[in-house]
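**Q** Residue-level listing of the chains:
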Amino acid sequence: MKPQSHAFKANVAQALTNEPLKKALGGIKHGFVANRAKARTNLPEFEELRDEAKAVKEHTLAHLDLYLEEYEAKVSEAGGHVHWAPSAQNARDIILNICREADAKTVTKGKTMIGEEIAINEHLAKADITPVETDLGEYLVQIRDEPPSHIIAPAIHLTKAQVESDFRQLHTDLPIDRVLDEPGQLVAEARKVLRERFLAADVGITGANLLIAETGTSVIVTNEGNGDLTQCLPRVHIVIASIEKTVPTLEDANTILRVLARSATGQECSTYTTYTTGPKRPGDPDGPEEYHVVLLDNGRTEMLGSEFHDMLRCIRCGACMNHCPVYGAVGGHAYGWVYPGPMGAVLTPSLIGIDEAGHLPNASTFCGRCEAVCPMRIPLPKMMRQYREREYEKGNTPPLYKLGMKLWAFAAKRHRLYQALTGLAIPLMARLGKRSGRFRTFPLAGGWTRHRDLPAPQGKTFQQLWREKEAKS
Amino acid sequence: MAKIKTPEDSPTVGLFVTCLVDLIRPSVGFAAVKLLEDADCNVEVPLAQTCCGQPAYNSGDKADARELALNTVAAFEGYDYVVAPSGSCAGMLSHHYPELLGDNPDTAARARAFADKAYELVSFLVDVRGMKEVDAEYMGQVTYHDSCAGLRELGIKDQPRKLLASVQGLKLDEMEEAEICCGFGGTFCIKYPDISNAIVEKKTANITASKTDCLLAGDLGCLMNMAGKLSREGRQMEVRHVAEVLAGMTDEPAIGTKGGDS
Chain A
140 MKPQSHAFKA NVAQALTNEP LKKALGGIKH GFVANRAKAR TNLPEFEELR DEAKAVKEHT
200 LAHLDLYLEE YEAKVSEAGG HVHWAPSAQN ARDIILNICR EADAKTVTKG KTMIGEEIAI
260 NEHLAKADIT PVETDLGEYL VQIRDEPPSH IIAPAIHLTK AQVESDFRQL HTDLPIDRVL
320 DEPGQLVAEA RKVLRERFLA ADVGITGANL LIAETGTSVI VTNEGNGDLT QCLPRVHIVI
380 ASIEKTVPTL EDANTILRVL ARSATGQECS TYTTYTTGPK RPGDPDGPEE YHVVLLDNGR
440 TEMLGSEFHD MLRCIRCGAC MNHCPVYGAV GGHAYGWVYP GPMGAVLTPS LIGIDEAGHL
500 PNASTFCGRC EAVCPMRIPL PKMMRQYRER EYEKGNTPPL YKLGMKLWAF AAKRHRLYQA
560 LTGLAIPLMA RLGKRSGRFR TFPLAGGWTR HRDLPAPQGK TFQQLWREKE AKS
Chain B
510 MAKIKTPEDS PTVGLFVTCL VDLIRPSVGF AAVKLLEDAD CNVEVPLAQT CCGQPAYNSG
570 DKADARELAL NTVAAFEGYD YVVAPSGSCA GMLSHHYPEL LGDNPDTAAR ARAFADKAYE
630 LVSFLVDVRG MKEVDAEYMG QVTYHDSCAG LRELGIKDQP RKLLASVQGL KLDEMEEAEI
690 CCGFGGTFCI KYPDISNAIV EKKTANITAS KTDCLLAGDL GCLMNMAGKL SREGRQMEVR
750 HVAEVLAGMT DEPAIGTKGG DS
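Residue numbers (this note's numbering), protein chains in the order written: chain A, 140 to 612; chain B, 510 to 771.
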């Protein structure tokens with residue numbers, strides 16, 4: 140997908156007037172947020188578990204080369220193939236090649252954000268191979284020709300009414316008078332439509348929540364079971380995963396899984412946690428004949444050891460966006476690429492550049508809720524600030540804003556000048572605002588007064604009053 | 510025989526007024542002075558202070574932020590404590606200065622020593638000075654907004670509630686989502702005014718639903734944001750810094766009002 144992060148302000152303007160979106164986002168606090176809070180309370184050792192999970196990832200990242208090599212060797216031993224993809228283009232080419240060799244007409248897909256990152260659907264479609272999303276949320280956004288708006292709930296921006304209307308438009312072979320009032324009825328309809336697609340697919344593509352080095356296993360966590368059908372039924376299974384998904388051992392994977400579902404949906408563990416190691420073995424009742432893993436770098440080794448290193452601990456639970464007031468106001472599409480919310484505000488500029496994604500790390504109040512809930516304790520606000528510093532150094536800060544900041548800083552660094560200026564300006568401003576104690580408009584404060592009144596100063600500054608008081612005594 | 514006072518009995522506190530209190534609402538500064546004096550502190554207000562530098566720091570302008578930070582550290586070097594009536598500024602002083610000035614051994618040591626004695630006002634009163642109650646009266650129902658930096662960087666949650674519970678006549682009713690950001694975010698509300706507005710709208714809805722008469726918080730930036738939105742929405746809500754109520758200094762008109770129309 141072509142990034143639209145540079146158009147963040149325009150995207151926001153659209154989002155803020157989108158009433159169904161507002162309604163849909165309003166549900167997050169009763170769902171994800173409330174459920175995570177409950178899961179956290181129910182597990183007394185949750186905070187210690189966060190530290191353990193963080194330590195697992197820190198250790199892995201410090202020895203990533205070794206664990207990746209071990210992982211590759213184990214996959215090969217199990218009869219699978221590992222393909223190294225330095226860039227998104229490499230990954231697309233590798234996947235298309237595998238699909239062509241398999242003479243694929245349709246490809247089913249489990250939910251994969253790496254698939255979005257490399258825009259695999261468009262690439263396959265161009266080559267006349269039909270990609271079919273099988274995760275319900277992904278299916279919904281695919282039929283609407285939209286990108287996902289959340290990393291674990293791709294269609295969180297949609298209301299039930301919108302889904303019903305889409306289904307009636309698309310599934311025209313089903314009875315017109317069927318009842319689609321309840322979420323369960325919508326799910327049943329999607330399941331019915333997708334069942335045929337599962338059986339017809341030549342290749343199944345899934346992502347991976349974890350890659351386990353000691354066994355060469357890929358792990359997916361899902362709640363719909365679609366991932367299992369995607370990877371078991373077709374003749375060829377392709378796993379696409381980014382390199383930082385690796386963990387050393389099965390035990391380490393368990394540590395991370397224990398914080399993952401709780402942080403994401405508030406579940407103790409997801410409905411399905413599926414471990415896949417290589418293709419079908421002789422005597423296995425099912426499974427693919429070919430098993431491929433495409434390991435994507437796409438800028439991640441550049442992040443290793445950089446000031447954005449900690450971002451590579453991210454396990455894609457989505458807790459940061461669920462708890463972000465900015466995400467909650469504008470939704471995921473406004474961020475303009477694959478990864479929204481606080482994690483996207485750091486990861487997006489890391490992967491596609493600060494020139495395209497400069498708004499993202501700026502559009503944060505630094506309220507710190509993201510870091511407070513992040514199971515991997517990633518210092519997201521700190522890294523957003525580091526991107527602001529990079530932007531500032533590059534001269535990307537808007538000129539008028541920069542000029543204002545420079546003038547302010549010039550005065551603030553000279554307390555006598557500052558106090559002389561404010562000692563003149565503030566009492567004047569107070570006199571102007573005396574009638575109501577506030578301003579409905581004020582020069583250069585249009586952004587503020589467009590939506591709210593500006594409280595007027597009380598009169599003299601504290602420094603003036605304090606010096607007068609001191610002089611008297 | 511009278512007990513000889515040690516510095517710990519009556520420490521000298523440098524009041525970091527904060528730029529917003531200095532300019533917009535000096536009465537909060539005087540309330541802070543009264544509370545600190547009630548807690549047996551000698552309060553001084555160094556002249557060589559302006560702003561903690563947070564706007565520059567959060568805008569990526571590290572050079573200006575560093576200079577402002579060094580000015581502030583120098584201005585408060587002689588005091589036992591530095592206290593600010595703001596969680597956001599106190600977080601800057603105690604958490605971010607060591608980070609900002611950490612790259613050079615000399616400034617790192619000075620920033621660390623400074624950070625170790627820097628506190629937000631209400632948590633200083635309760636946690637350091639052991640204040641358990643205040644001598645104040647406020648007849649009314651209030652609700653309290655937990656400002657983000659105070660809550661999440663400094664762990665300020667119970668301290669203001671504890672002291673508010675001792676104010677005669679005051680009843681605290683918690684609003685929904687008291688811990689969620691009001692959308693101020695310093696320069697954020699200037700850079701992204703429409704997102705800021707969408708966030709503060711949710712906050713004012715929660716404040717209004719609390720059915721109280723008065724909104725309190727410990728940060729003037731957040732208070733100006735919420736007061737400005739409430740008055741634009743035509744709500745009759747008194748908005749004050751928590752220090753004003755704790756000091757019993759509520760004669761001044763509330764934030765964004767002239768006398769009598771709050």
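Since the hints were made in silico from the structure, they are not lab data. Errors might be hidden in some of the hints.
Said to hold, decoys possible - One-sided and incomplete, this derived list gives chain A residues near chain B with beta-carbon spacing under 8 Å: (1) GLN301; (2) GLU303; (3) PHE306; (4) THR354; (5) PRO464; (6) GLU530; (7) GLY534; (8) ARG570; (9) LYS573; (10) ARG577; (11) THR580; (12) PHE581.
Claimed, not checked - Lysine-lysine pairs mimicking DSS-like chemistry, simulated, CA-CA at most 27 Å apart: (13) B:LYS571 x A:LYS168; (14) B:LYS720 x A:LYS148; (15) B:LYS571 x A:LYS162; (16) B:LYS571 x A:LYS148.
What the hints assert, rightly or not - To give an idea of the interface, some chain B residues facing chain A are shown, with a C-beta separation under 7 Å as derived from the structure: (17) PRO535; (18) ASN551; (19) VAL554; (20) LYS571; (21) ARG575; (22) LEU579; (23) VAL582; (24) LYS666; (25) GLY743; (26) ARG744; (27) GLN745; (28) GLY757; (29) MET758; (30) THR766.
Keep in mind the model is a prediction, meaning the values are calculated, not measured. In this text, a Cβ means the ideal position worked out from N, Cα and C, and glycines have one as well.
**Q** Does each hint hold? Answer for all of them.
**A** Now for the hints, and whether the structure bears them out:
1. GLN301: violated, 21 Å
2. GLU303: Violated. Min distance 27 Å.
3. PHE306: With a minimum Cβ separation of about 30 Å from chain B (threshold 8 Å), the hint on PHE306 of chain A is violated.
4. THR354: violated, 39 Å
5. PRO464: holds, 5 Å
6. GLU530: Check passed: Cβ of GLU530 of chain A comes within 6 Å of chain B, closer than 8 Å.
7. GLY534: violated, 11 Å
8. ARG570: violated, 12 Å
9. LYS573: holds, 7 Å
10. ARG577: holds, 4 Å
11. THR580: violated, 11 Å
12. PHE581: This hint is violated: PHE581 of chain A lies away from chain B, its Cβ roughly 11 Å from the closest one there, beyond 8 Å.
13. B:LYS571 x A:LYS168: violated, 36 Å
14. B:LYS720 x A:LYS148: Outside the cut-off at roughly 35 Å; violated.
15. B:LYS571 x A:LYS162: violated, 40 Å
16. B:LYS571 x A:LYS148: holds, 25 Å
17. PRO535: Since chain A brings a Cβ to about 4 Å from PRO535 of chain B, closer than 7 Å, the hint holds.
18. ASN551: violated, 14 Å
19. VAL554: holds, 5 Å
20. LYS571: holds, 6 Å
21. ARG575: Violated, because the Cβ-Cβ distance from ARG575 of chain B to chain A comes to roughly 10 Å (cut-off 7 Å).
22. LEU579: Hint violated; LEU579 of chain B Cβ to chain A Cβ min 10 Å, cut 7 Å.
23. VAL582: VAL582 of chain B check fails; min Cβ-Cβ to chain A is 13 Å, beyond 7 Å.
24. LYS666: Because about 13 Å separates LYS666 of chain B from the closest Cβ in chain A, which is outside the 7 Å limit, the hint is violated.
25. GLY743: violated, 10 Å
26. ARG744: violated, 11 Å
27. GLN745: Result: violated, 14 Å to nearest chain A Cβ.
28. GLY757: violated, 18 Å
29. MET758: violated, 12 Å
30. THR766: Since the shortest Cβ distance to chain A is 4 Å, the answer is holds.
The structure does not agree with the numbered hints 1, 2, 3, 4, 7, 8, 11, 12, 13, 14, 15, 18, 21, 22, 23, 24, 25, 26, 27, 28, 29 stated previously, though it agrees with the rest.
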